[in-house]
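Construct the entire structure; sequences and hints are all you get.
As you go down the protein sequences, you meet chains F and C in turn.
Per the working numbering, the first sequence starts with residue 1, numbered consecutively.
Per the working numbering, the second sequence starts with residue 206, numbered consecutively.
If you're looking for bench data, these hints aren't it; they were derived computationally from the structure.
Owing to the predicted nature of the structure, the values given are computational and were not obtained by experimental measurement.
Watch out, some of these pointers could steer you wrong.
Simulated pairs of lysine-lysine, BS3-like, Cα-Cα distance not exceeding 27 Å [said to hold, decoys possible]:
#, chain 1, residue 1, chain 2, residue 2
1, C, K344, C, K384
2, F, K197, F, K46
3, C, K398, C, K256
4, F, K64, C, K362
5, F, K25, F, K51
6, F, K179, C, K362
7, F, K142, C, K269
8, C, K269, F, K157
9, F, K179, F, K201
10, F, K193, C, K347
11, F, K157, C, K256
12, F, K100, C, K362
2 protein chains.
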Amino acid sequence: MLLCDIGNTSYHFLQNETEYKEDAKSFDPSSVVEKVFYICVNPIIKPRLEKLQNWIDIAAFIDKTPYYATMGIDRIVACEYITDGVIVDAGTALTVDVVKEGLFQGGFIYPGIHAMQACYTNISSALEYPFNFELDLGKMPKNSTDAISYGYLKTLKSEVDTLAENVFLTGGDARRFAKIFPNAVVDERLLFKSMQKIITKAKLC
Amino acid sequence: MLLCDIGNTSYHFLQNETEYKEDAKSFDPSSVVEKVFYICVNPIIKPRLEKLQNWIDIAAFIDKTPYYATMGIDRIVACEYITDGVIVDAGTALTVDVVKEGLFQGGFIYPGIHAMQACYTNISSALEYPFNFELDLGKMPKNSTDAISYGYLKTLKSEVDTLAENVFLTGGDARRFAKIFPNAVVDERLLFKSMQKIITKAKLC
Numbered sequence: 001m002l003l004c005d006i007g008n009t010s011y012h013f014l015q016n017e018t019e020y021k022e023d024a025k026s027f028d029p030s031s032v033v034e035k036v037f038y039i040c041v042n043p044i045i046k047p048r049l050e051k052l053q054n055w056i057d058i059a060a061f062i063d064k065t066p067y068y069a070t071m072g073i074d075r076i077v078a079c080e081y082i083t084d085g086v087i088v089d090a091g092t093a094l095t096v097d098v099v100k101e102g103l104f105q106g107g108f109i110y111p112g113i114h115a116m117q118a119c120y121t122n123i124s125s126a127l128e129y130p131f132n133f134e135l136d137l138g139k140m141p142k143n144s145t146d147a148i149s150y151g152y153l154k155t156l157k158s159e160v161d162t163l164a165e166n167v168f169l170t171g172g173d174a175r176r177f178a179k180i181f182p183n184a185v186v187d188e189r190l191l192f193k194s195m196q197k198i199i200t201k202a203k204l205c
Numbered sequence: 206m207l208l209c210d211i212g213n214t215s216y217h218f219l220q221n222e223t224e225y226k227e228d229a230k231s232f233d234p235s236s237v238v239e240k241v242f243y244i245c246v247n248p249i250i251k252p253r254l255e256k257l258q259n260w261i262d263i264a265a266f267i268d269k270t271p272y273y274a275t276m277g278i279d280r281i282v283a284c285e286y287i288t289d290g291v292i293v294d295a296g297t298a299l300t301v302d303v304v305k306e307g308l309f310q311g312g313f314i315y316p317g318i319h320a321m322q323a324c325y326t327n328i329s330s331a332l333e334y335p336f337n338f339e340l341d342l343g344k345m346p347k348n349s350t351d352a353i354s355y356g357y358l359k360t361l362k363s364e365v366d367t368l369a370e371n372v373f374l375t376g377g378d379a380r381r382f383a384k385i386f387p388n389a390v391v392d393e394r395l396l397f398k399s400m401q402k403i404i405t406k407a408k409l410c
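Take a look at the structure:
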């Protein structure tokens, strides 16, 4: 089975146990001849895929009643996978979604690592530091690297820690955030696993 | 007495009770003939002012031992004003600094409103919304505007609320953040007041 999660920057494929990515701008989806089950948040790519018969949009097989109209399908699919907890999906954006007793409670959007790094650099070249994920979050910073790292990471952690005990980390930067959420379940394939679950439930395959 | 706080985007003057701003790029500081007491975080303007005899840098009259080498002088001057509490200075950057029993404990740097707005827009045009400061922070968001507003504001609040009871809000966007920190003391002239206190203590005037 060929699965594909399409974001703003890439097509992310999973075939059996092999993952690979293709550039969102240059990849031609009509070059794929086999059946592809996909989700897509990219507004430019979406209408192109709708014309291709072998590309099956999983979104159609999810009950979206508990969610909101403009919510990204990647967030919805992630929420469908868990019954209780918080999903932190760390990609270009970092989304935090809460599920209680199988029902979506709401969620928020925070910048991903690269976006936030660029944000600090745009404020001042004096803030052009990489984030320190080894930072001691129990201590107030006394240097510039830690001052921006704490600003980005500790504020996020303070909020997420109040939301639920079970934290599920996914997305391309999941492993980096595991240092900030040491008790989290790290599962980079959470989205693909949820897609498989939805496909099986809808008897698509 | 003429006071001036120079940031990355402007010269912010206070003369008696009148405040005014001049653009950091185009203003010529040698056009001022009277004595100016100033602080400056702008690395381009700083060396120019050092050559002007009537521009007096207040930084030289502060004991900087409790602070760190690369810490902005505006943050140091704000900390000098209080004995216990958190100073939230909401400008181009938003700085959060903790003082206990008159001693600086550390602090962090978070993006200011415009920088964070641009950050979300750079991630995706689908996130190009103004922040909703009227947001109910006790409720998880279920729409895109609130999802980014919560991501920016609630994470900050969750962290600041753990740091100290007394919150002092200053900077150009202080009044907007007063909605997020309803018990905070809002004082847009906190920096100028602290500068006056330092000048008096050092008998400069």
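Going through the hints against the structure:
no., hint, in the structure
1, C/K344 x C/K384, "16 Å, holds"
2, F/K197 x F/K46, "22 Å, holds"
3, C/K398 x C/K256, "26 Å, holds"
4, F/K64 x C/K362, "31 Å, violated"
5, F/K25 x F/K51, "18 Å, holds"
6, F/K179 x C/K362, "22 Å, holds"
7, F/K142 x C/K269, "13 Å, holds"
8, C/K269 x F/K157, "31 Å, violated"
9, F/K179 x F/K201, "35 Å, violated"
10, F/K193 x C/K347, "25 Å, holds"
11, F/K157 x C/K256, "46 Å, violated"
12, F/K100 x C/K362, "23 Å, holds"
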